[in-house]
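Just so you know, the sequences run in chain order A and B.
Counting from 1, one number per residue, gives the positions in the first sequence under the working numbering.
Counting from 161, one number per residue, gives the positions in the second sequence under the working numbering.
Think of the hints as simulated: they come from the structure by calculation, not from any bench.
For glycine and all other residues, C-beta sits at the position ideal for the given N, C-alpha and C.
Warning: the hint list may mix true and false statements.
With a straight-line Cα cutoff of 16 Å, these simulated EDC-like cross-link-like pairs (lysine to aspartate or glutamate) come out [unchecked claim]:
{"id": "1", "chain 1": "B", "residue 1": "Lys464", "chain 2": "A", "residue 2": "Asp56"}
{"id": "2", "chain 1": "B", "residue 1": "Lys704", "chain 2": "A", "residue 2": "Glu70"}
{"id": "3", "chain 1": "B", "residue 1": "Lys755", "chain 2": "A", "residue 2": "Asp144"}
{"id": "4", "chain 1": "A", "residue 1": "Lys18", "chain 2": "B", "residue 2": "Glu462"}
{"id": "5", "chain 1": "A", "residue 1": "Lys66", "chain 2": "B", "residue 2": "Asp619"}
{"id": "6", "chain 1": "B", "residue 1": "Lys704", "chain 2": "A", "residue 2": "Asp56"}
{"id": "7", "chain 1": "A", "residue 1": "Lys102", "chain 2": "A", "residue 2": "Glu117"}
{"id": "8", "chain 1": "B", "residue 1": "Lys735", "chain 2": "B", "residue 2": "Glu714"}
{"id": "9", "chain 1": "B", "residue 1": "Lys748", "chain 2": "B", "residue 2": "Glu710"}
{"id": "10", "chain 1": "A", "residue 1": "Lys44", "chain 2": "A", "residue 2": "Glu70"}
{"id": "11", "chain 1": "B", "residue 1": "Lys723", "chain 2": "B", "residue 2": "Asp742"}
{"id": "12", "chain 1": "B", "residue 1": "Lys762", "chain 2": "B", "residue 2": "Glu710"}
Derived DEER-like restraints, expressed as beta-carbon distance ranges [stated by the list, open to error]:
{"id": "13", "chain 1": "B", "residue 1": "Ala215", "chain 2": "A", "residue 2": "Arg148", "range": "32 to 40 Å"}
{"id": "14", "chain 1": "A", "residue 1": "Arg11", "chain 2": "B", "residue 2": "Pro470", "range": "37 to 45 Å"}
{"id": "15", "chain 1": "A", "residue 1": "Glu70", "chain 2": "B", "residue 2": "Pro408", "range": "53 to 61 Å"}
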Amino acid sequence: MATEEKIARFREIAAAAKGTSGSLIPVMHEAQELFGCLDYEVEKLVAQEMEVPLADVYGVATFYSKFHLEAKGEYQINVCLGTACYVKGAEMILEKIEDMLKIKVGHTTSDGKFSLEATRCIGACGLAPVMTVNDEVHGQLTVDKAERIIKRYMSETGRK
Amino acid sequence: MLTLENLNELRQKTLTRSNLDDKRQETRVVVGLATCGIAAGAQPVFETLKAETAAVQGVNVYRAGCIGACRLEPLVEVYEPGRAKVTYTRVTPEKAKEIAARHIIGKTRLDEYSEELDFTGQLRIALRNCGIIDPEDINEYIARDGYQALAKALSDMKPLEVIETIKKSGLRGRGGAGFPTGLKWQFAAQNESDQKYVCCNADEGDPGAFMDRSVLEGDPHAVLEAMAIAGYAIGSTKGFIYIRAEYPVAVKRLDIAITQAKALGLLGENIFGSGFSFDIELRLGAGAFVCGEETALMTSIEGKRGEPRPRPPFPAAQGLWRKPTILNNVETFANIAQIILNGAEWFAGIGTERSKGTKVFALGGKINNTGLIEVPMGTPLRFIIEQIGGGIPGGRAFKAAQTGGPSGGCIPAVKIDTPIEYETLLELGSMMGSGGLIVIDEDNCMVDVARFFLDFTVDESCGKCPPCRIGTKRMLELLGKITSGRGEAGDIEKLESLAALIKRSALCGLGQTAPNPVLSTLRYFRREYEEHIRDNYCAAVVCKAMICYEIDAEKCIRCNLCKRNCPSGAVTGGKDVDYVIDRDACIKCGLCVSKCRSDAIKKKNC
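Given only the sequences and the hints, what does the whole structure look like? Please build it.
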C-alpha cells in the first residue's frame, strides 16, 4: 500500500474510533500495524486525526513496550526471558543470536532484515526456553537448535 | 432473542451432533490447539487428521484448547462410542496419518504412540472444558451446560442472591491477592451510579504464568458468561476484557466468542427476555506489566499511560472513568458459572478452611511434567512437585519453588510439605500469585534469581512513585554488585533496609511487592548471599564473575568443535596438543560445553 493510501485508510480508522472513549490505544495499535512504527510523522497524524495533544500520543507510545518509535526488521526475533525460560538458560540462546546477527538486543541489523528483542513471558512456559520469529513460536530450544533456526531464516533472506 | 427452551434444545442438538457425552454414536477426535500446542506443531497434525478422515462417515475432528500436558504436545485424543478415550502424544503429521488409517478408520489402537495422562489428585473446575470443547464454537460450550448459570441467575435469582451465593462459596480472587470475590461485588453493588463496569483482568504479565491464557484459549465463553452474571449482580451493563497483546490466539478466540454470543442473544439487549442487557468489549494491552495492577489497568482502558492511582477511592466506588467498577481475574470468573449451577456449599466443600475451591498452576522450570494443573486448595507442594510434576529432570535436587512471580517469593525444599493456600504461602514470605509455579533446582543461584526478578521490576516500574522507580534500581545495583563479585560487607543490610522502605512507601501493589523476591531468598538462602560477598563463591556455579571453564584432557577427544565455535578465540590446542581454555580471553558463554561431544568441559568455581 502506498503511503497516501495508508494515510487515507488511517483517517477512516480514526474517524470511526474518535467518538469512543478510551480508543487512543486501539487506534495506535492500528497505526503501528499500518505504518510499521510510530515515528514522529505517524504520531503527528494520530494526534491530528484523534484530536488529542501530540504529547499524549508520545506519552502513550513511550509507555508501552509493544509500541516502537522506529521501524523493525522484516523478521522480528523475540527471545523469551520469562522465569521458566531464564532458569533453563535462555540467556545463552540470546547471546548466541546476538553473536550470529552481530547486533545487540533491542537493535535491528543494518540491512533491515532482523531485529532482536528480549521479551517477557509469552506464556509457553511448558516449552521453555522459547523464542518467536514473527508469529512463529519455537520451543524446547537449545543453543544449537536456536542456531539452526536462525540460520534457516538467514538463508531465506540470502544472508551468510 | 433466545429463551431457556431454545438454549436447552441447542444443548441437546450439539450433544448428539458433537458426540460430547457418553452416549456418543460417532468418533470424536480432538487436537490440542492452544498456543503451546501450536508451537509444538499441532496445526499440521490437525490439518492432516481432517484431510485423512474427511471422506469417512461418523468421524469428526475438532480443535480444542490446552489438554494440560505441554511436554507431550502435540496431543490428540480419540473418543469412540463405547470405548475408553485414547490419548496420543508427540503426534507428528506422519503419526497422524497412521492414527487416522489404523485407529480412527481401522479401529485398532496404536499403543506405541499413546500414553494415559495421569490426572490423579487434580480437580478441574476452572479448566473443566479446556481441552475438551472446541473454543471457537459456542454450541459446544452450550452442550456442556454453558450459559445455564446465566439463565438461572436471570430467571431464579435476585442480584443480591447471586452476591450472597458467591460470598458463601468462599471464592477468593485468583489474580494473587485473594480478596473475597463476593465482597468485592457487594461493594460495587451498593454504590449507586448511572453506569457501572465489569472488568476482566487478562493481562497475565507474571513471567512463568499461562493459566489465564489457557482458560481463554480453551473456554472463552466461561469468562463471558461469568462477566454477564457479575454485571447482573452489581447492576452493570458494560464489560471490558483487558488482554495482553502477546496472546494473539486468546484474543482471536475471545473475539469469535463475543461475536457468537451476541449473535445468539446471550450478550446484548434483553438477555433471555429478562430485561437485563450486557455487552462486552475487548481491550488490548500494549506490553506493560504494571497494567495488571487494577487502577493502572483501568487507566490503560481509558486510553492513557497505564499508571496506577492512589487508593482509596477503591474501584468499587470510583474505577473505570470514575464509575463503580469490579475487576476480576480470568480464573476467578471461570469458577463463577459452576458455583451458580452447583451451589455455594458444593464449592465451599472443596479446599481448606480458609481457601476454598481449586487453584490452577502453570508448572514450569526444572520439572519433568511441565504443564497446566488444577488442584484443590491445600494440596501439599510435595504432591505437586513429585507426583503431578514427576520430579526434577536429570536426578537433580529440588531447591525451591517460586510462586507469585516478581511479587512473590520462594518456598525452599525444607518447606515442601506445606499445603498450598493463600495464608500458608504468605506466612512463608511468598504469595499465591496468579499461579505460576517455577521449579528451581540446585543448578540455579538464588542471588541470580533475585537479580532476575529485580531486573524485571526495574524494567517494568512505571516511574510514577520514587520508592519504586529509584528504590528498586538501587536494589538491582546492589544485587549486580554481589553477583559480579564486587559485594561488600553491609550490602545485605542495605538491601534489607531498602526493601522495608519500598514495601512501606510505594504507591501500588507492583512496587510494594517488588522487594519480595529478595527478602524471600534472603530468608532461606542468606548463606548464598554471604558466600558471594565473602568468598567470591557461587555454589550453583552460575555467576560468571566467579566461575571458569576447564577442559578435562582425559576425556577430551580433540575433535576441535569447542575451538571452532568459541566466539572469543579462547580455546587453543590441536591434534597433538591438549586443548586449553584461556581464562582471560574466555567470555564464559558456555557454548563450548553445549558443543562438546565427550562431556569434557566443565564449569567450576575458581
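Indices of hints not satisfied (ascending): 2, 6 and 15
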